[in-house]
Amino acid sequence: MIDGLCSLRRALDAGHLSAVEATTACLRSIEATDERLGAWLAVDAEGALAQAANVDRRRAAGDALGPLAGVPLGVKDIFLTRGLTTTCASRILEGFVPPYDATVIGRLRAADAVLLGKHNMDEFAMGSSSESSGFHPVRNPWDLDRIPGGSSGGSAVAVAAGHCAGALGTDTGGSVRQPAALCGVVGLKPTYGRLSRFGVIAFASSLDQPGPLARTVRDAAALFEVCAGLDPFDATSADVPVPTGLADLPAGADLRGLRLGVPAECFGEGLQPGVASAMRAALDVLRDLGAELVDIELPHTRFAVAAYYLIATAEASSNLARYDGVRFGRRAGAADDLHDLYGATRGAGFGLEVKRRIMLGTFALSAGYYDAYYQKASQVRTLISRDFDRAFEAVDAIVTPTSPTTAFRLGERVADPLQMYLADIFTIACNLAGLPGMSIPCGFDELNLPVGLQLLGRAFDEATVCRVGAAYEDATDWTARRPSLAEASP
Amino acid sequence: MVHRTLLTEDEVRRIARLARLDLSDEEVALLTPQLGDVLLYVEQLAELDTTGVVATFDAAPVGRFRPLGLRVELAPGEATAAAPDAWEGSFRVPQVIG
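Chain order of the listed sequences is Z and W.
So the first sequence is residues 1 to 490, counted in our numbering.
So the second sequence is residues 1 to 98, counted in our numbering.
It is worth saying that the hints were derived from the structure and are not from the lab.
Computed from a predicted structure; not experimentally measured.
Beta carbons: idealized from backbone N, C-alpha and C, even for Gly.
There is no bait here: all hints are sound.
Sample of chain W residues facing chain Z (criterion: CB under 8 Å; computed from the structure): (1) Val-12; (2) Ala-16; (3) Leu-31; (4) Val-42; (5) Val-53; (6) Thr-56; (7) Phe-57; (8) Asp-58; (9) Val-72; (10) Glu-78; (11) Ala-81; (12) Ala-82; (13) Phe-91; (14) Val-93.
Not the full set, but computed from the structure, chain Z residues with beta-carbon under 10 Å of chain W: (15) Val-305; (16) Gly-325; (17) Gly-329; (18) Gly-347; (19) Arg-381.
Let's have the full structure, built from the sequences with the hints guiding it.
In structure tokens:
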């Protein structure tokens, strides 16, 4: 079984196993458990084995290899992959084969990673449970009756179940961090603009950000370092130097001299008791490591969910206008005119959650309501950003729970969209402000379901987030725990 | 902020038309109260005085928008390969002009 990205990379470099052997182990693991989990929408076994064999050949010949040489990965089905089906878990894109790679996919290929296939997700990344996939839901490996979180649920599950050494997801309102928390893995949402969005199917363009999911902080950092950096194909890509050495942070470091902000707003009512006790214990660990815990206030974050569901849906309603049944994807039967074709194609191709959000976004942007809804939400977004600016004058990073609850049961919130949206209450403000955030396993509740700790940093300061995360991880053993289903696989 | 605790089925149908989104009667019946609930929830934003607050429309902390440096070049056949109905390098659509 594959046990983390950095350890696998060392084993491959040392010749303890070949890329073909590592890839074969992953494919066997997928075969053994994915029928129950539903984490994958496409597995390219033949292509992956060919890439692995190529790495082994070049290694044997003494060629220079990329930093992820032979490491088997999966990516959320939101990334365009040349020659490999990309659906965004939507029926409207069923069978779509992109003619080019997303920039981050190109960077993974250039690093000689092995691409195993595409992960299941909420349709168009709209959801917090991976139940809105147009194909089939994803199940949590810690309890198959529960959701894995979303929208990058397939990616979190594939990493937790040992199907791959790491994954790339996207995070618009928590879609990397929340499933990472609910599945007991690490998820990093970099600063907006860090990783290119070129070739990433757009949901909400001012919020979307690709990010890695992996077993450990250093594993996630290794993927981050390969994928981050300026991309001329993405106009919002940031020209800021990418930190290096985060995958090799020294073991056992302390946190002396660091000030960690603890917002009162995130530790109040509504926190599940198991999450609250895990968080209290995590704060004790951080204090024991030498960090100074500082009470802070983020008074506008309680408005974040409301602002987000206007801004994100407004942007989505515009971005999803491109699915018209003309240039790609599926077209609904015979239509008399173009408007009928659009309406019928979109009505038949989109699932209910996508329709709900297109409707909400269209409403928020429509004449007469724009100022009261979209404009107002965008002003509140400024107030939320200012809260963080003020907080970061006093602290170096902020600690919160990633999710107010552990994984809930499949079907439990499907009929109540508002309750589903509130699952992202602690993750959304970070996207609105464009900041980096990370979820790290920090314990289990009374049902043995994982709890995640969230760390938020200053813009472009992923280094501090990783440093705190790695120190916490070294001082605890939560990331070493695996679901029994993964332990039993080959 | 406008207070709109009720959204009618007719309004939902009007928004669906704007969005070029065919909805069944069942979907309209389901979405009407759900969208109403969400709109009721977002009305909490009205509590905040945002007079004079500049709106944030993008999250890029630095750089803002730079001109696009490059574009992907696709051959005509490549661009239409994924189209549901293509003909000699063109996208075919229902007749627009009578």
